[in-house]
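Letter by letter, the chains look like this.
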Amino acid sequence: MPFINFSKDEIQCKIVYYGPGFCGKTTNLQYIFSKTHEETRGKMVSIDTKGDRTLFFDLLSLNLGKIRGMDIRVQLYTVPGQVHYDATRKLVLKGVDGVVFVADSLKVQRKKNIESLINLAKNLAEKGISIRTIPLVIQYNKRDLDGTDSEILPMETLEKDLNSMLKVPSFTASALKGAGVFETLRAISKLVVKDVSRKVMMMDKQQVK
Amino acid sequence: MNVVITKKDLEKIDSCLGNMISTSSANAVLLIDRSGQLIAHHGDTPDIDTASLAALTAANFGATVEIARLLGEEEFTLLFHKGRSENVYFSAVGENAILVTLFDDKTSLGLVRLRISQMVDELSRIVASMFEKGRKR
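Those protein sequence lines, which keep their order, are chains A and B. The opening residue of the first sequence carries number -4 in this note's numbering; numbering runs sequentially from there. The opening residue of the second sequence carries number 189 in this note's numbering; numbering runs sequentially from there.
The following block holds chain A by itself, in its conformation from the complex (with noise of 0.2 Å):
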């Protein structure tokens, strides 16, 4: 849902990055926090317990540069992944714009990413919203694991797993060293700024203004 404003020629968009937890989602957010110039970003925001697991959310908002005139912000939000905050993820999906799953290359994860990917699919139908529909991209973290003592899924496998029915843009990362951290966002900002100019345009159409 994102808030078109006319006076001020802004576009706010949500993105929110879901998985399940410990799969990196905040290590994404803190990692972009990290590079980018104080000028295009706020402050990182987040509610935490003690034992650094996201309680409600971590939030960052970014500058993205300009569309047709237009500033476009967006800001950028995590879920807890525990199976048990469930009435959380929904409260941050509300008027969600695009949604990036990340997923755990660990093979001990396997059952929890196709766990959260249905549960992503299930809390967005409630709001009447397919996952077919929403701008999605899909992270696979955590590669830089590989050729170490803890065993990876295959890409092959994890493609099959979550990516089969969806066919969204995915991409490798390791949050932690910061590959594929940008590219996902890229992707995902390009994604929902694509979807918001087409409803610009309609609107211009229309001529609200």
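What the hints contain is simulated information worked out from the structure, not anything from laboratory work. Computed from a predicted model, the values in this text were never measured in an experiment. Fair warning: there could be bad hints in the mix.
[To be verified] So, partial list: chain A residues that the calculated Cβ filter (under 10 Å) puts toward chain B:
1. Leu86
2. Asn118
3. Leu186
4. Lys189
[Stated by the list, open to error] Here are the simulated lysine to any residue pairs, SDA-like style, with alpha carbons at most 25 Å apart:
5. B:Lys294 with B:Val192
6. A:Lys194 with B:Gly322
7. A:Lys117 with B:Asn284
Note that beta-carbon positions come from the ideal geometry of N, C-alpha and C, so glycine has one too.
Got chain A; can you put chain B on it based on the hints?
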């Protein structure tokens, strides 16, 4: 669905918020949507990150709605936090928005509540029409 804020809408909202500040002596008022986006603000908020305040308010309000449901209420329509010198009052504006009022010892909770209750109906009409326009698209 998308929400379109036209210049005309914002002027109406601004006049309500300005009126609220001048009659209640509050420091600032912010109108935010329930997903955490800032719609408008009026008054003095020099050191406050309004985007974060908006997001946290929506979360706070959302959590309170869930508490209300657990207790068999539909929702709590107002919330009040008292600090040593700064206070904040949150009130529901229809289904879609929340009004955040920041005030200090210069005024009283009673006056703030009175002014809000006098204004909230008009504000919810404006907001409802704004969301209604978005829904038609």
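Checked hints:
no. : hint                   : verdict
1   : Leu86                  : holds (4 Å)
2   : Asn118                 : violated (14 Å)
3   : Leu186                 : violated (15 Å)
4   : Lys189                 : violated (14 Å)
5   : B:Lys294 with B:Val192 : violated (36 Å)
6   : A:Lys194 with B:Gly322 : holds (10 Å)
7   : A:Lys117 with B:Asn284 : holds (23 Å)
The structure shown violates the earlier hints numbered 2, 3, 4, 5.
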